[in-house]
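**Q** These protein sequence lines map, in sequence, to chains A and B. If you count by my numbering, then the first sequence holds residues 1 to 587, one letter each, in order. If you count by my numbering, then the second sequence holds residues 1 to 598, one letter each, in order.
Read the hints as simulated data drawn from the structure, not as lab findings. Be a bit skeptical, because a hint or two may be false.
[To be verified] 25 angstroms max Cα-Cα, derived DSS-like pairs, lysine-lysine:
(1) A:K468 with B:K130
(2) A:K468 with B:K241
(3) A:K405 with A:K364
(4) A:K11 with B:K255
(5) B:K255 with A:K107
(6) A:K149 with B:K57
(7) A:K324 with A:K406
Keep in mind that this is a model prediction, so the values were computed, not measured.
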Amino acid sequence: MFKMFKNLKKKEIIYFLISVVFIVLQVFLDLKIPDYMQEITRLVQTEGSEISAVLKEGVYMLLCAFGSLIGAVITGFCASFIGTSFEKNLRSKIFRKVESFGMEEIKDFSTSSLITRSTNDVTQVKMFIVLAIQMLIKAPIMATVAISKIANKGLEFSIITAIGVGVVLTMIILLVILVLPKFKIVQSLTDDINRITRENLTGIRVVRAYNAEEYQQGKFERTNDTLTKTHLFTQRTMAIMSPVMSTIMAALSLAIYWVGAILINEAAIPDKMTIFGNMVTFSSYAVQVIMSFIMLVLLFVIYPRASVSAKRINEVLDRIPRMKDGELEEDITDLKGEVEFKSVSFKYPDAEEYILKDISFKAKKGETVAFIGSTGSGKSTLINLIPRFYDATEGEILVDGVDVKKMKREFLNNKLGYISQKAIMFKGTIENNITMGKSLKGKPSKEDIDNSIEVSQAQEFINSLEQKLNTEVAQGGTNLSGGQKQRISIARAIARNPEIYIFDDSFSALDYKTDFALRKALKKYTKDATILIVAQRIGTIKDADKIIVLDEGKCVGMGTHKELLKNCKVYKEIANSQLSKEELEHA
Amino acid sequence: MHNHGPNRNLNAKAKDFSGSIKKLFKYNKSYLAFMLIGWISAFLSVILTLLGPDKLKEITNTITEGLMTGIDLDRIKTIGLTLVIFYSLSFIFNYIEGLVMSTVTNKFSKKLRTEISSKINRLPLSYFDKTTIGDILSRVTNDVDTIGHTMNESFSTLVVAITMFTGSLFMMIKTSPILALTAVLSTVLGFGLMMIILKNSQKYFTKVQEELGNINGTIEEVYSGHNVIKAYNASSEVEQKFDEINEKLYENGRKSQFYSGLMQPIMGFIGNFGYVMVCIVGSILTMKGLTSFGVIVAFMIYIRLFTQPLTQFAQALTQLQSTAAASERVFEFLEEKEQVVEVEKKFLDKDKAKGTVEFKNVEFGYTEDKKIIKNFSAKIKPGEKVAIVGPTGAGKTTIVNLLMKFYEINSGDILIDGVSIHDLTRENIHDLFVMVLQDTWLFEGTIKENIRYNDLTISDDEIEESCRIIGLDHFIKTLPNGYDTVLGDTDTLSSGQKQLLTIARSMVDDSPFLILDEATSSVDTRTEIVVQEAMDKLTKGRTSFIIAHRLSTIKNADLILVVKDGNIIEQGNHKDLLKKNGFYAELYNSQFQNATTE
């Protein structure tokens, strides 16, 4: 948690210091007010006092109160600045850190966890910091000033106050010990409730088709029950807090007066007045002392939650991405659009099994190379190594004759047009989605965009939209169909005019006709570009210049469709499963 | 989505404030008696607190009177003991109130959660077409939480505040109307100021909620699209977008926090201001002999008791606003129109079903103005394997949805074994059919639980047998916990394996009709053949409906229905349709064409 404070900037620290000054002022004025009150009370009670005297004391008191108000306003201003500015910077820091991560780090944390860390956890830490700034300073100052006012004014009164403080503190500590662990349980039960409801909603058709409504409800009720019981325990326990506190405060005044009366009665005449004075002072300041202790302790109550959040944030900020960026920023060979794998093997960092083993091939300028194999054969992993989503464990990957690890990623990416399996859309217009990012020649021109949507077979549906290219895409592209999203994401790659296209099973969302038309148009549009395709359908890849057949991470066949049909068993099996004998012979 | 935290709706405004609160009470009827007990306790506790200062004043007076002459300790003892009783009673009432209110609100929250959850299963599927999952989820957790939190506090606070406010006002007017006026006027001044601030700050609060939603959305989007952003060198672009929203959030956040922080100090100042005004006006009155000192002394206490509840009012009102907004959302959901309650007119026994299905001029549209299915007729004989093919959006899945009675058809009829689906209950129909969907659905639980699902009569052997048939048994056994492996967030299974699991689930369910809606789309074609062989064995003698993108999957179907724009445009088996050289043939041949050859 305390590491978090390092994230405070200079301006925030200045504001912090200013607020310290004003908090001191505020506390000082606040504690001055009872003095004036007493004076006014005395004047009003004394017969024959002048109105002007009351007025004078009243004005002083109001000035004090007003000064305290100003102090509070300034402190509030500083605190809101520090809190929100800190939040802003911290969030931006995490965001940029995550942007610098490779797939390895993202996978380690999991996307959903990173999202919570950047949103909820930041809010938690901020709330704590805002409270801490105000209370951590205010409480000790208030306690010190109040204690100094009542110091040496009667041992008996001090003991009574100490007992009051003791009772309140013991109670809060007991509650914390009893209740705090339950809060964590409540959190996980709430997650469960969420999960079960989400499951019911995502599987609503399955639930109904299986007549499983009661089964789902039963599951929900069990968690609902535990959650309610835990809630009841914590809240019923916490319910003791407010009555104890108000009773202690009231009892404290009573005790001070009661004991005071006895003390005054027993004291010698000259001491009576002093004791009376002390008693009055004590009764107004003892409450302040208790209040400041309560403030401090409450801070510790909310501390654990914020501390967990801070820890989670620090985990992100402290993580150093394993992948280092290369340095090369310009071509050093004359090659264009050439991809070569030199005995590449790959396994996930902590895994034992290799996903890819000893893969070698070469794709030359203008060639189409396709990868096929059953689920889990490693074909997607293979092409994900080219844009360096992961680095090869062994071997080398060369793009235009240069090891990808030596190239600056921005430079490397400018050569590539990558299209993921699942089309990813961003909030904004369709045009924004197509032109996003930086390419070799900056933003694509209007002509590039038009060409790209024509080639990707997206023109027809975009033109049918009222706003055409300016149509707003909802977050996650929920207002578009799967096929539409995929066509836009393909247009996004085409508009960059890359040397090398990488299609990671991007055609599965398209029907055969569109798939066919798109590939035909693409081939015509980009004669020189190298195309790498991962696919499930034989139809998508059978006209490729080179087909690489993968099975359990190994290359078990390489050649054209015809060659492979003759000499590759796995390929034949895949083909047989999709085409009939006649079709195979016909081809 | 789920990551907006519990404060999400704290500043939301209800459209119909009083209506929502009224409904809240109506729903809360069974707990009303308990709530009343809670409020009465709160009321009594406040009354006792109001009496406290008065008694304390008596002690001071007794001490002052006997300061030099000797204090009447007996009197102090009597007053002290009275106060001890007052405080103890106040403590007890206060605690009772806390216990009762937390019990009531928790039971009530539980009831709301239960009702929302069971409501989900009673709503027609069409409802879910227009709502997002995140929205419903936030009602189950966020909104119910908000109601739980705020209802507990706001109502009790309101009771306390009203009692304190009216109590002290009554005492003041009774004691001295002029001073009462002074007190009220000076407080109203401050209260007005506070209201202005509150009103002004409201817009920043709404803005903060808005921007918070935006920034969370952006973060979610960027993190999930990490790959694409990297590959397209779009990092600086998204960072800029993020910074813009972050800056806006900061500006509004700072202002809203500043304004809300002003409340407490301002109320403190108003308290002091009123105090001084009462003293000044009081002394003038005393000078003119219009009032006595005792009155002023009493007023000094009353003015404190009078201003204190004002802050509480403001707090309770904002809280009540959020309660109203949250309950409005919850009730809106609970009041959604449910599926028509059915009376069982006829019943088809699962074990005696023959297996004919007939579509008779079926018409249907998800919305009134757009028909998806137009005049659809087809007759399926027992045991037939029927394939439905056609381009995306042709209405393939819709046909299945209608068959399952997920939606009510607009006109026409569907007959199952000669019985109209209007005469059958949904439960009966679902019992006759087993269905596997494209979107694999697994829940957090063991593999075994996922396959068995709600039919607890299925034995472990049956589960393993079905997994063996589809070739999943070996893989499951290599997992550390075998069939007891818990499926959670982590990717233990590939999407193909997940799909196989849902197929296994359907295989153990013994039903006469089978529906496969793109059930093998994530499975590679070689595995698909294995599954298909198993399925063929399984579907022998059963009527089955198959929707598939891959035409290889459905080549051996007895009947292929080619659907386009909601109509059957061709029907027959694979060979007939190819001979016809129509739409099907075109669709089928497109997968073999070469892109390079024209």
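**Q** With reference to the structure, classify each hint as holding or not holding.
**A** Now for the hints, and whether the structure bears them out:
| no. | hint | result |
| --- | --- | --- |
| 1 | A:K468 with B:K130 | 24 angstroms, holds |
| 2 | A:K468 with B:K241 | 23 angstroms, holds |
| 3 | A:K405 with A:K364 | 20 angstroms, holds |
| 4 | A:K11 with B:K255 | 18 angstroms, holds |
| 5 | B:K255 with A:K107 | 38 angstroms, violated |
| 6 | A:K149 with B:K57 | 23 angstroms, holds |
| 7 | A:K324 with A:K406 | 9 angstroms, holds |
Going down the numbered hints, you'll see the structure goes against just number 5.
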